[in-house]
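J.: Sequence:
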Amino acid sequence: MRSVPRVGPRNHPPNRTTIERTTLEPSPTEEFGDWHGREVAEVVARLQTDPRRGLTIDEAARRLAQDGPNRLPPPANGLAPSPSVPS
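Residue numbers (the numbering used here): 100 to 186.
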């Protein structure tokens with residue numbers, strides 16, 4: 100489990116913010132970790148998908164609603180990664 104701050108106003112002066120904590124269960128992808136070191140068949144099985152067909156539209160919509168968009172967190176240093184240079 101991880102604790103995520105939830106920020107919102109609470110009958111305080113306009114310049115004050117209160118932070119509340121919400122506990123989230125780790126997603127299946129967070130629990131699995133170290134994806135790059137796993138066998139393809141193991142990853143495909145864990146993600147419950149087909150490498151040739153992918154997800155159905157309905158399943159993709161269900162996962163989006165359940166897990167949110169597939170986005171990388173911003174870098175800890177606040178800098179954007181440099182673009183890749185094609186070889």
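Please note: incorrect hints may appear among the correct ones.
[Said to hold, decoys possible] Here are the in silico distance ranges between beta carbons for each label pair: (1) Gly167 - Val142: 31 to 41 Å; (2) Ala164 - Val142: 16 to 26 Å; (3) Val143 - Leu178: 29 to 39 Å; (4) Asp149 - Asn176: 30 to 40 Å; (5) Leu154 - Gly132: 14 to 24 Å; (6) Leu178 - Arg152: 19 to 29 Å; (7) Trp134 - Ala160: 15 to 25 Å; (8) Pro150 - Leu171: 15 to 25 Å; (9) Arg151 - Asn176: 30 to 40 Å; (10) Pro168 - His135: 30 to 40 Å; (11) Ile156 - Asn176: 17 to 27 Å; (12) Leu178 - Thr148: 18 to 28 Å; (13) Leu178 - Arg151: 36 to 46 Å.
No lab work stands behind these hints, which were simulated from the structure alone. Note that CB positions come from ideal geometry on N, CA and C, so glycine has one too.
J.: Could you run down the list of hints and mark each one as holding or not?
T.: Here is what the structure says about each hint:
Evaluation of the 31 to 41 Å hint for glycine 167 and valine 142 yields a failure: the beta carbon distance comes to about 20 Å. Remark: the range hint 16 to 26 Å for alanine 164 to valine 142 is upheld by a beta-carbon distance near 22 Å. A hinted range of 29 to 39 Å holds for the C-beta pair valine 143 and leucine 178, which are about 34 Å apart. Between aspartate 149 and asparagine 176 the beta carbon distance is about 38 Å. The supplied range of 30 to 40 Å therefore holds.
The beta-carbon spacing between leucine 154 and glycine 132, approximately 22 Å, falls within the hinted interval of 14 to 24 Å. Judged by the Cβ atoms, the range 19 to 29 Å given for leucine 178 and arginine 152 is violated: they are separated by roughly 38 Å. At about 23 Å, the beta-carbon gap between tryptophan 134 and alanine 160 stays in the expected band of 15 to 25 Å. The hint said 15 to 25 Å for the Cβ distance between proline 150 and leucine 171, and at roughly 22 Å that hint holds.
Remark: the range hint 30 to 40 Å for arginine 151 to asparagine 176 is upheld by a beta-carbon distance near 39 Å. Under the hint 30 to 40 Å, the C-beta atoms of proline 168 and histidine 135, about 21 Å apart, miss the expected range. As the Cβ distance of isoleucine 156 to asparagine 176 is approximately 37 Å, the hint placing it in 17 to 27 Å is violated. In this structure, leucine 178 and threonine 148 break the distance hint of 18 to 28 Å, their C-beta atoms being roughly 33 Å apart.
Taking the beta carbon of each, leucine 178 and arginine 151 are about 38 Å apart, inside 36 to 46 Å as hinted.
Checked against the numbered hints above, the structure violates hints 1, 6, 10, 11, 12; every other hint is satisfied.
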